[in-house]
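With the hints as constraints, model all of the structure from the sequences given.
As you go down the protein sequences, you meet chains B and D in turn. Reading the first sequence from the start, the letters are residues 1 to 516 in this note's numbering. Reading the second sequence from the start, the letters are residues 1001 to 1117 in this note's numbering.
Worth flagging that the hints you see were computed from the coordinates, not collected in a lab. One or more hints might be untrue.
Just so you have them, the derived chain D footprint on chain B, three or more residues with Cβ under 8 angstroms [claimed, not checked]:
no., stretch
1, 154 to 164
2, 175 to 187
Some residues of chain D that are not near chain B, with every Cβ distance over 12 angstroms (derived) [what the hints assert, rightly or not]:
no., residue
3, LEU1050
4, THR1062
5, PRO1065
6, VAL1066
7, GLY1067
8, ALA1097
For every residue, glycine included, the Cβ atom is placed at its ideal position computed from N, Cα and C.
Spelled out from the first residue to the last, the chains are:
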Amino acid sequence: MNALATHVPILVIATPLLGAFAAPLIAKLGRTTRVAFSGLIAGLTACFAGLLAATLYSAGGQPIVYVLGGRVPLPSGLAVPVRIMLEVDGLSVFMALIAALVGALAVLYSVSYWKERSGGALYDSLLFLLIAGVFGLVLTGDMFNFFVFLEITSIAACGLIGFRAWRKRSSEAAFKVMALYTLAGLLVLLAVGLLYGQYGGLNMAFLAANLSGSMLDRIALALLLAGLAMKAGAVPMHMWAPEAYGEAPAPVAMVLVANSQAGLYALFRILFTLYGVALSVTAIGWILIVMAVLTILVGVTMALVQSDIKRLIAFGAVSQIGYMLLAVGVGFAVLATRPAFGLAAIQGGIFHMINDVACIGLLFLAAGAMVRAAGTRNLNAMGGLAHDLKGLTVLFAVGAFALAGVPPFNGFASKLIIYESTFRLSPVLAIVAVLGSIILLAVFLRAFQAAFLGPRTVGEAGRVPWTMTLSMAVLASIVIGFGLFPGFFIDKLVAPAANALWNGQAAYIGAVLGGG
Amino acid sequence: MTFVGNLPFVVSMLLVCLGLYVLLFKRNLIKMVIGVSLVETGINLFLVTLGYRAGGVAPIYTYAPVGATQVLPTPQALTLTSIVIGLATTALLLSFAILIYRHYGTLDVTEIKELKG
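The following block contains the structure:
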């Protein structure tokens, strides 16, 4: 048990990676074996992520360092960490839990979603590869490994978007997304090169301890900011996001949301842990805030004019990235003086991450079931689904209200914290945030009315398979549970994560380099 | 460092800018892939240049003459990894371009309009 606890950080990444490469082989043994194997891998991964969280929280939230190929970060006589390592703190674990949740649910949902189509094994393979990449992104403590995992997620994600080669729009979306993801990855690589050239190291803790805020550091930061904002889908680099979410199969769209959040996580990690107060935090914070406000506004206004249900939800997902960026941007802008509302803002932003993945994920999954039942993605052609699919109607409504920030659902709990804390910095920001939510409510009421109410337009809708309903029900219970007891979850999950950003820099560096 | 010493950095950044220009302003999908590839090559060149030391020998510890300057091994490892990743992304991009050509019969982005707006 003890050895397991020691090696759990790498097991979280290695298990889905093994699953990815073994899936096509196992699939030769038949469909039942393939499904059982996928379930096993997804379950194991979720267990390891849970164990990692338990290990970290029981150790009081001190960062865990896992060194690959050695016991200690520093071989004797060297001042520079040369080994590859994973570094896990409250925020990493929080993101890993999100990835484990969406990974397990995506596998569960896919069981019946892919029933009558071929290529199931390759789909499983890519899905596990994407999940492994997301885990790697959030757990790594090394800048170059970070780039490698970024590319793994990009390639797997675009494979999943474009593998339905018989659909015109899939290939088109996949090309567009791949070109932008690759560009984002290359910008990050250039920044990594710039940092390595100056400091001779790639370890994040080592770089954080040595960054001097020189001109080259600032250029590297600008490149990282551009690359990761592109990966996260923030305006003005959002044009890939609706295509990706809209054209990907429903469970993949949910995992892609977690993938975008991993980009956002990396942005926060780099800003708070790597750079910290070494640069003019107020200016950078305001750049984030402006991007966030634009993201919210563009996201909701574009959602308003969509008639395709999946693209409509996709633009909703874009706008939610804005809320997280807004909250953490506010936190970063005031990092130098550290007023209490800065920490509250970061807590709101991080809490919104899990809330967003739950309600957007629920909506994407519900949309997948709706499209399957109605045979069309066009909202104008859908109608009256509520007659035959009562459960789905309730699930979609829960997701839509949560996304629009209506109490008592989880979206309200985190958005309220965001409104309150941004109001302290500037009331205008809070007004934009509230306005965005109101427009979203209108968007989703219209979508709900068009798809579920009125007379039947597409004949009697078929039943939704139980695995799909179960995975949506799990998300809906999270949406409601987090909405009813926000205090409990903020205490247990969100506070350690926010704390890791707000004042965890010294501990993060100390865990690798000693002292601190 | 003299201008000549910095020349490799200048060249690699020129390649990156050229690649970005191609990616942003060319309308042919294949040319866009070439643009991505150019950016990648520029960055690989940049990484290799970072590790160069004047008069350095290859960083093979057991074969290097005693006391000789070695070029840095890490950037070479990074570059190798980056080349492999670049191969995968280029192959994937080109296969999507082929699929798009089959569906639309053109590679001109202005004529591929299903996803506008």
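Of the hints stated earlier, which fail here? 3, 8
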